[in-house]
Amino acid sequence: MPWTHAYPGAIIVPDSSILSVKDLVVAFPGVSGEGVQVVRGCSFSIGRGKTLGIVGESGCGKSITALSILGLVPIPGIIQGSIKYQGQELVGLEEKECEKLRGAEISIVFQDPSTALNPVFNLEQQLVETILRHKNIGSREACDMAIESLKQVDIPDPQKRIKDYPHQLSGGMKQRVLIAMALLCDPSCLILDEPTTALDVTVQAQILDLIELIQRSKNMSIILISHDLGIISEISDEIAIMYAGRIVETTCPSEIINSHRHPYTKGLIESIPKIDSKKKKLKTISGFPPDPQEMPSGCPFHPRCTRRLEKCVKLMPPKTLVNDNMSYACWNPV
Amino acid sequence: MLEIKNLGKDYTTKHNGIIKTKNLLVAVDHISLKLEKNKTLGLVGESGCGKSTLGRLICRLEEPSRGGIYLDGQAIHELKGASLRRIRWKFQPVFQDPYGSLNPRFTVYRTLEEPLRLHEKPGSKDEIHNLLEMVGLGSEVMERYPHQLSGGQRQRLGLARALAVGPELIVADEPVSSLDVSIQAQIINLFLELQARLHLSMIFISHDLRVVGHLADEVAVMYLGRIMELAPAEELFNNTGHPYTQALLEALPKLEPGRGRLRSILKGELPSPVNPAPGCRFYSRCKYRRQVCLDYENELFSIDANHTVACCRSKEIK
Numbered sequence: 018m019p020w021t022h023a024y025p026g027a028i029i030v031p032d033s034s035i036l037s038v039k040d041l042v043v044a045f046p047g048v049s050g051e052g053v054q055v056v057r058g059c060s061f062s063i064g065r066g067k068t069l070g071i072v073g074e075s076g077c078g079k080s081i082t083a084l085s086i087l088g089l090v091p092i093p094g095i096i097q098g099s100i101k102y103q104g105q106e107l108v109g110l111e112e113k114e115c116e117k118l119r120g121a122e123i124s125i126v127f128q129d130p131s132t133a134l135n136p137v138f139n140l141e142q143q144l145v146e147t148i149l150r151h152k153n154i155g156s157r158e159a160c161d162m163a164i165e166s167l168k169q170v171d172i173p174d175p176q177k178r179i180k181d182y183p184h185q186l187s188g189g190m191k192q193r194v195l196i197a198m199a200l201l202c203d204p205s206c207l208i209l210d211e212p213t214t215a216l217d218v219t220v221q222a223q224i225l226d227l228i229e230l231i232q233r234s235k236n237m238s239i240i241l242i243s244h245d246l247g248i249i250s251e252i253s254d255e256i257a258i259m260y261a262g263r264i265v266e267t268t269c270p271s272e273i274i275n276s277h278r279h280p281y282t283k284g285l286i287e288s289i290p291k292i293d294s295k296k297k298k299l300k301t302i303s304g305f306p307p308d309p310q311e312m313p314s315g316c317p318f319h320p321r322c323t324r325r326l327e328k329c330v331k332l333m334p335p336k337t338l339v340n341d342n343m344s345y346a347c348w349n350p351v
Numbered sequence: 081m082l083e084i085k086n087l088g089k090d091y092t093t094k095h096n097g098i099i100k101t102k103n104l105l106v107a108v109d110h111i112s113l114k115l116e117k118n119k120t121l122g123l124v125g126e127s128g129c130g131k132s133t134l135g136r137l138i139c140r141l142e143e144p145s146r147g148g149i150y151l152d153g154q155a156i157h158e159l160k161g162a163s164l165r166r167i168r169w170k171f172q173p174v175f176q177d178p179y180g181s182l183n184p185r186f187t188v189y190r191t192l193e194e195p196l197r198l199h200e201k202p203g204s205k206d207e208i209h210n211l212l213e214m215v216g217l218g219s220e221v222m223e224r225y226p227h228q229l230s231g232g233q234r235q236r237l238g239l240a241r242a243l244a245v246g247p248e249l250i251v252a253d254e255p256v257s258s259l260d261v262s263i264q265a266q267i268i269n270l271f272l273e274l275q276a277r278l279h280l281s282m283i284f285i286s287h288d289l290r291v292v293g294h295l296a297d298e299v300a301v302m303y304l305g306r307i308m309e310l311a312p313a314e315e316l317f318n319n320t321g322h323p324y325t326q327a328l329l330e331a332l333p334k335l336e337p338g339r340g341r342l343r344s345i346l347k348g349e350l351p352s353p354v355n356p357a358p359g360c361r362f363y364s365r366c367k368y369r370r371q372v373c374l375d376y377e378n379e380l381f382s383i384d385a386n387h388t389v390a391c392c393r394s395k396e397i398k
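In the order they appear, the protein sequences are chains A and B. Oh and the first sequence: position 144 is 161 in this note's numbering, straight run, nothing missing. Oh and the second sequence: position 47 is 127 in this note's numbering, straight run, nothing missing.
There's no promise every hint is true.
[To be verified] In silico DSS-like cross-links for lysine-lysine, where the CA-CA straight-line distance does not exceed 25 Å:
| hint | chain 1 | residue 1 | chain 2 | residue 2 |
| --- | --- | --- | --- | --- |
| 1 | B | K119 | A | K291 |
| 2 | A | K296 | B | K170 |
| 3 | A | K300 | B | K170 |
| 4 | A | K180 | B | K347 |
| 5 | A | K67 | A | K39 |
| 6 | B | K347 | A | K168 |
[Stated by the list, open to error] Simulated DEER-style distance windows between Cβ atoms:
| hint | chain 1 | residue 1 | chain 2 | residue 2 | range |
| --- | --- | --- | --- | --- | --- |
| 7 | A | D40 | B | R339 | 25 to 33 Å |
| 8 | B | R339 | A | E287 | 22 to 30 Å |
| 9 | B | L104 | A | E311 | 31 to 39 Å |
| 10 | B | D206 | A | V42 | 21 to 29 Å |
| 11 | B | E377 | A | T132 | 56 to 64 Å |
| 12 | A | K152 | B | R339 | 28 to 36 Å |
| 13 | B | G340 | A | Q105 | 30 to 38 Å |
| 14 | A | I95 | B | T101 | 57 to 65 Å |
| 15 | A | K113 | B | G340 | 54 to 62 Å |
| 16 | A | K101 | B | F186 | 24 to 32 Å |
In case anyone wonders, no lab produced these hints; they're calculated from the structure. Virtual Cβ for every residue (Gly too), placed ideally from N, Cα, C.
Please model the complete structure; the sequences and the hints are all you need to start from.
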């Protein structure tokens, strides 16, 4: 499919960051009053037209980070730190202002395509609702726009399919519809939360190709959240590895295999089974991620770490910069 | 040890509109496989390809429509009622969703005690303790309920339950696909370890070629109810004979920068298995299709020792 540039002739400064998150902390007040920190000081930024991949196991805080960018952290969650979108501070923004940005400027595709669509409305109703919410146009025009958006994500026969209800679509189709919905208002930043987890490898490959194609044609920034390092390496420019609410390493796809520094990254890479590694025992990370209510002292990874030093038990390792795009937080790096 | 001959399973779907119609859904068709003792057979394919149905047929959780299943020479597809119950301990299933397949009202102890009792191998607490230890669970979980266990622990319990009666064959249906990578690796190791220790034969069903390639001795690739390619794991990946296997391999995420790579060779989705058209099952999505493919019914033929393919153009496209 040919793709055209959204703004022909526009000068794009490649590294001007569109979204920057600094020292983000998300906490949920607990019964004890202390509160549980789910995200514990995350900082990252993302350039225009670039993809940032965030990897981590379930419960590491990656989805909550995404929700906090959109101002969707469920009550009674508390956000601290700073999230700047094109210079505008999003933390503490009023709900009305948030609503203007959400969907129009920053959009999200949620993990489970079967629950993210409303089962009692057909696609047309759901897509048109989104358009009318943000744009001041007539409903017929909105309907044309909705059909156009389905065409964009390669849904065959969009004029007919737009009358379908979610249960009439396959998993891959639903994911395409959700991507179409997220793109309706031409956002400049798209967050994809595990967009292919529920899908077959073949459909996953199609969705990844689609995401890349749309990104190129619209010069969109993408935050891709996944637990699969393979998918992240496929379409990211930068990778952030998250563990227990913190980013423990930032790197890029060309460096991750051979020059990773954090033992957790090493563990993640080694736990992926390889097609040709016949019946060999996989190296695993022993144990499981810590409970946010009982965070270990020092480096949160130390109970599972094979390179643990005495210092790791007591002191939190600081972020060490390797270069502009690479950093790690470890006392005894690989 | 296990031999499957020409196995098939059909479902009829009724549509009661103004005109009543009956459709034939062929879920599994013409499957012939052999599995030796202490070996693992991997089944891969997209959802809806019939791999789970095949697993359920082997466990006798579904009645086959035709063909036979022979375990150590015994025709288990003919057994019914009490005689089937008496032999069930030999083949045990492990399911994908460890939460859905465990009774939420049973403690870990009762979950493991029940199969022992049903198969008249009443177990003491010691025996259950040993079972738990075998799958890497401490005895402190004995009195816990499934909701108090993590995903990995539940999958370990599901495996312990299958192992409780001392089976010869384990049929594992996507046992690791709902787990995080680090936990997934632990469970894969557990499968490998237990297989070596207990001399188990295994059928391992998964949509993830990486997992299957790692665990299995032999891999069968399925598409719309048929086997498309059957070969030892290494041979299948190094000397791929079927365009569908090729497409699956290409679609796998690789651990290297992939910006701009075209990943999807296969367009569209798995066609409906209802009233399948004659000719090669893969025809509609194959980029190598020709007229001859329409007269070809996916009979398997050997292209090498131990390597069979169901593609009539396999030699030309290689």
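Hints and how they fare:
About 19 Å separates the Cα atoms of K119(B) and K291(A), which keeps this hinted pair within 25 Å; it holds. Note on K296(A) and K170(B): the hinted pairing holds, with a Cα-Cα distance of about 24 Å set against a maximum of 25 Å. Straight-line distance between C-alpha atoms of K300(A) and K170(B) comes to about 31 Å, which puts the hinted pair past the 25 Å bound. At most 25 Å may separate the alpha-carbon atoms for a hinted pair to count; K180(A) and K347(B) meet this at roughly 23 Å.
For a cut-off of 25 Å, the pair hint linking K67(A) to K39(A) stands: about 18 Å separates their Cα positions. Between K347(B) and K168(A) the CA atoms are separated by roughly 15 Å; this keeps the pair inside 25 Å, and the hint holds. Checked against the hint of 25 to 33 Å, the C-beta distance between D40(A) and R339(B) comes to roughly 30 Å, which is consistent with it. One distance hint, 22 to 30 Å for the beta-carbon pair R339(B) and E287(A), holds here, with the actual separation near 24 Å.
For L104(B) and E311(A), the Cβ-Cβ distance of about 56 Å falls outside the hinted range of 31 to 39 Å, so the restraint is violated. Range check, D206(B) to V42(A): about 49 Å between beta-carbon atoms, so the 21 to 29 Å window is missed. Checked against the hint of 56 to 64 Å, the pair E377(B) and T132(A) fails, with Cβ atoms roughly 40 Å apart. For K152(A) paired with R339(B), a C-beta distance near 32 Å keeps the hint of 28 to 36 Å intact.
For G340(B) and Q105(A), the hinted distance range of 30 to 38 Å is satisfied, since their beta carbons lie about 32 Å from each other. At about 58 Å, the beta-carbon gap between I95(A) and T101(B) stays in the expected band of 57 to 65 Å. Hint check: K113(A) to G340(B), Cβ distance near 40 Å, so the stated range 54 to 62 Å is violated. Distance hint check for K101(A) and F186(B): the Cβ-Cβ separation is about 52 Å, which falls outside the suggested range of 24 to 32 Å.
The structure does not agree with the numbered hints 3, 9, 10, 11, 15 and 16 stated previously, though it agrees with the rest.
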